[in-house]
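Participant: So the protein lines, in turn, are chains A and B. If you use our numbering, the first sequence corresponds to residues 971 to 1305, in order. If you use our numbering, the second sequence corresponds to residues -14 to 710, in order.
Source of the hints: derived by calculation from the structure; they are not laboratory data. Here the structure is a predicted model, which is why all the values come from computation and not from measurement. Idealized CB from N, CA, C, for every residue including glycine. Just so you know, nobody snuck in bad clues.
Using 35 Å as the maximum straight-line C-alpha spacing, the simulated DSBU-like pairs for lysine-lysine come out as follows:
hint, chain 1, residue 1, chain 2, residue 2
1, B, K175, B, K521
2, B, K341, B, K203
3, A, K1076, A, K1036
4, A, K1263, A, K1243
5, A, K1289, B, K41
6, A, K1243, B, K41
With the Cβ distance kept under 7 Å, some of the chain A side facing chain B (calculated, not the full set):
hint, residue
7, A1282
8, A1285
9, Y1291
10, M1297
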Amino acid sequence: MHATVKMYLAIVLIGCSLLTGTAWAEKTVFMVLWRGETRVEEGFRAYFAETSHDLNIIVRSVDRDKSRLPAIIEEIKSVQPDLVYTWGTSVTLGIAGQDPSLSNLKHPSQLTDIPIVFTMVSQPVKSGVVRAFGPTGRNVSGVSHIVPVESQLNAMQAYMPIDRIAVIFTPTESNSVLATEQLVSHGNRQNIRVDTFPVPLDDEGNPRPDSLPSLVYLVSQGGPQFLYLGPDSFIAENVSDITDQANQYGLPSFAATEIMLTRSDALYGLVAKYNEVGRFTASKVEQILFEGKAASEVPVEVLPEFSYQIRADVARSLKIYPNLFLMDYAEIINR
Amino acid sequence: MMSDSRTAVILTLMALLVAPFVLFSYLSIKIFESHLLPEIETQTETAITAVNNRIKYAIGVFGGPEALRGVDPVFESARSTAPGISLLAMTRPAGQQTDSQETGIQIDFISAINPEIARSSIENMGTLGQDSQFPGLVDGPLYKLQELIDLPLTGSTPQGDDSLLLKAVPISENLNLVAGLDLSLLNRLKQSAWLDTGVIVLAIVLIAIEILTLVFAKNFLRPNWQISFITARLAVGDFRFFTPISGGGQAKRFLKYISDQMARIRESAMTEGLLFPADSTPRPIRSPSVAHIRLPLFLFFLSEAILRPILPQFLGNFTAESADLQIGLIMSSFLAASLITVFFGSIFSERFGVRKIFFLGALLSFAGMAGHLFAAGLGSIILARTLTGLGYGLVYAAAQVYIAMHADSKRRSLGFSQFLSVLIAAEIAGPAIGGIMADRVGVDLVLIGATAVIALAAMACFLLISRFNPDVTDPVDTPGTGISEIPDNWTSGQWNLITLILRNPRFIAMIACFAIPAKMLLTGGLFFLIPLIVLKEAGAAESARILMGYGLAILFLSPLLASLADRWRGFSIWVALGGILSGMAFALPYTWEILIGDQTLLILFIATLLFGIGQALSIPTQISFLIQISNQGAEASGVVLGVFRLMERIGAFLGPVLAGILLLQTSPEEALMWLGISSFLTATLGMSLFVAVGEENEEVVLQGILDSMIKSGPKIRTATLSMPE
Chain A
971 MHATVKMYLA IVLIGCSLLT GTAWAEKTVF MVLWRGETRV EEGFRAYFAE TSHDLNIIVR
1031 SVDRDKSRLP AIIEEIKSVQ PDLVYTWGTS VTLGIAGQDP SLSNLKHPSQ LTDIPIVFTM
1091 VSQPVKSGVV RAFGPTGRNV SGVSHIVPVE SQLNAMQAYM PIDRIAVIFT PTESNSVLAT
1151 EQLVSHGNRQ NIRVDTFPVP LDDEGNPRPD SLPSLVYLVS QGGPQFLYLG PDSFIAENVS
1211 DITDQANQYG LPSFAATEIM LTRSDALYGL VAKYNEVGRF TASKVEQILF EGKAASEVPV
1271 EVLPEFSYQI RADVARSLKI YPNLFLMDYA EIINR
Chain B
-14 MMSDSRTAVI LTLMALLVAP FVLFSYLSIK IFESHLLPEI ETQTETAITA VNNRIKYAIG
46 VFGGPEALRG VDPVFESARS TAPGISLLAM TRPAGQQTDS QETGIQIDFI SAINPEIARS
106 SIENMGTLGQ DSQFPGLVDG PLYKLQELID LPLTGSTPQG DDSLLLKAVP ISENLNLVAG
166 LDLSLLNRLK QSAWLDTGVI VLAIVLIAIE ILTLVFAKNF LRPNWQISFI TARLAVGDFR
226 FFTPISGGGQ AKRFLKYISD QMARIRESAM TEGLLFPADS TPRPIRSPSV AHIRLPLFLF
286 FLSEAILRPI LPQFLGNFTA ESADLQIGLI MSSFLAASLI TVFFGSIFSE RFGVRKIFFL
346 GALLSFAGMA GHLFAAGLGS IILARTLTGL GYGLVYAAAQ VYIAMHADSK RRSLGFSQFL
406 SVLIAAEIAG PAIGGIMADR VGVDLVLIGA TAVIALAAMA CFLLISRFNP DVTDPVDTPG
466 TGISEIPDNW TSGQWNLITL ILRNPRFIAM IACFAIPAKM LLTGGLFFLI PLIVLKEAGA
526 AESARILMGY GLAILFLSPL LASLADRWRG FSIWVALGGI LSGMAFALPY TWEILIGDQT
586 LLILFIATLL FGIGQALSIP TQISFLIQIS NQGAEASGVV LGVFRLMERI GAFLGPVLAG
646 ILLLQTSPEE ALMWLGISSF LTATLGMSLF VAVGEENEEV VLQGILDSMI KSGPKIRTAT
706 LSMPE
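This is chain A alone, in the form it adopts within the complex (with noise of 0.2 Å):
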């Protein structure tokens, strides 16, 4: 090619960069989490860290608190940034809201011209975020974290034959709620007995943390084989001496959640790691951000690998073990 011809189709280049600034100029992300920076925003500043795309990250935390939510979308209104990521159920709610063709729509979209990426969302679509997974048509995406239900039903019976399991959930929570209903539904589809046990509330309509240990108690008398953990906030703080009040009635737990296992001593799980989950977030992100798609039209998605993990030294103290096959696949966990 003639160094006349190259020299301009350069320039050329060079100019329609500029002019659009797909290349090099810096995008603006405003982080809005549930509490605080989790490994999730470790994924997803680590993908960013492995691209060539600046980004400029503002991050704010509303510390379990929603009222704090009003506040922060007058922020993001003053700032401008291109794109708002929100983190879990009611931070999402409160700003992304709930899709307009719902009929009793309790949450309206508080920002409609900022594209919108949600993370740890456990149920996008019983929730109202969206109306199914795919493409919105508005301007909202995001990833969900939990395990497809009947995924978590077959990961338990891969690690022995199961026909009966017990569920402790918090009544108050939506979420934990929907997961609770889902799985007696599949349970019943696949013959295996859910006994479903709330967590008692207190005057104020508040779950009470006291009642756990005789409700644990209850639960091991009635003969299951496994605690289901599921995604619940009130049993994700106590998880830790639920799992050893279970253990010692030597009743092992399945955790949902990978924040379950790391907090307790549950003996194993078909989680999402929040490492990944950061960096499938990510990847939506930059393809709003740098490859010039709709957010309506990247999809909502749950993430496509899980990781199985097994505690070694909790299988040992119950004598319950894995199939060897899963020595295939599974992490296994020593503490």
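With chain A's structure known, arrange chain B on it following the hints.
Facilitator: The following block gives chain B in isolation, referenced to the frame of chain A:
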């Protein structure tokens, strides 16, 4: 003389071609065999190591062997991954657990083809050796065959009919993983390699024969015929033709010499009585050559034959579950389409030329075969099969017209025998190639291969088949006298002859009792039911090998039996015996199953071979028998053949339909038996009829005797008429 020299040359060339190929194949298999054992060793080692590592890991992490759960499924999985492993067991010396047995070894977990024999093998091994930790088992690298053969007592043990090699791999101090290698697998793999290679060699030989025949015809037969023709013309002063010169070689140079001499004589001598062309310019001879259609025809038949072993299974993808009747209907769409075009193809070939109709047929079949690849449902696959069938019928008819035009008038049956040999050669090579391809590269590539072969056939048709009809078929005949002459507007048939033939009760009896049942057995039994039966317990390659039994019987026995039939006459007996034997052959597998026990692939092969012998008895003789009973003379043989092929096609069409209907009620084996019994009965009925009423009308017989007394023989008449006016 010519035939002898051709046979000798072809045999010599074949030997020269095949010998290195056979040697190469032999060496290849030997190399393959030397790599086979290490490969199985590696595969087995890998599987055992993986299982061992997993067990070690589980024991290490969870604290002991008592933590092992779900070991049997892991053993089963490892055995399915490495089929050479016939047993896997976890053992420990006896006494390690309270429930230990009396024997030296206690087996904790075991997975084996035959667990009882495997258990006793392991226990016996444990008592033979000296090592207290794990006595008797071969330690270290197990799979060095020589070592094992040298150590049969400690290294191997009988496992039923097969030898079993055992190896112990330590898991922990007191635990061993014992693996058994099934030596019969090695033998099966070797046997399969030999069979596949043998089949490929045979297929290559058949293809080589076609190519050599073409080369021989182009370089020897045709120049020879041209020399005979031109010298015969020169002898009577006929200068209207010259020999076309192309290429090099001694024969071509000789032809050029003759042509040059003729040109010089033509210029210098204007002797009265010599024949010169009307426009004073001679034209090249249009010489006949049956052999020139062999390669395109072989390739064409090969493409359809390649599909034979996979067709029922492939068509099953487009039907509802267990819809055998639908498969039968799809197969019948091919036959129905070919039924139409085989009849009209001969008329079109005479009118528009063989080359055009052959090419059109190949083009239609190409489209149909390609359609198999894109078919997405029942409708589209029926369309694809129909297109292929339309093309098949056209090519089939065009080839027969070509042979009728090009074969020497006195040896026309020899010409048609070439047609049959090409068809059978393709039927032998095709299923073998298709079966091996299907097993190794998949059905899609078989279809692509078949489509490519049709494209080659179309190309070969264009390159090898002449646009013109030959001037004469016998080199000593004179063009323009009508003797052995094929005019450009040649037509073999007359419509009124068709009705005449169809009113002949003997003809109808022959068609109904022998021809149609024979074709029904072929398409419904051999091509449809036998592959279904084979595929129940084996692959497409086995199906192809079994079908080969039929082809080999036809290829080797039909020339012999046909010549015997010509010598001894009594065609009805030959045809009937063939039908009876064919029917009995197909009744054999199910009868065997009922009376003796499970029928095996060997029984199916024997049945197929017997069926082939039956067809070799009846099929070539059917044509001679037909011409004899039609009473219409040799000039009507084209019409007789046309009507015969049409009727025969009806049988071919009905075969899969009938088989499909039977399958709705019975198993494939039983359906095959009923087809066989029906053929047996019709053949017996036909034989009874012809024994009762005779093969020919009395008037015709008397007329034949009178004719033979009056005429002095066709050779003298030909010589007289060939003299120039």
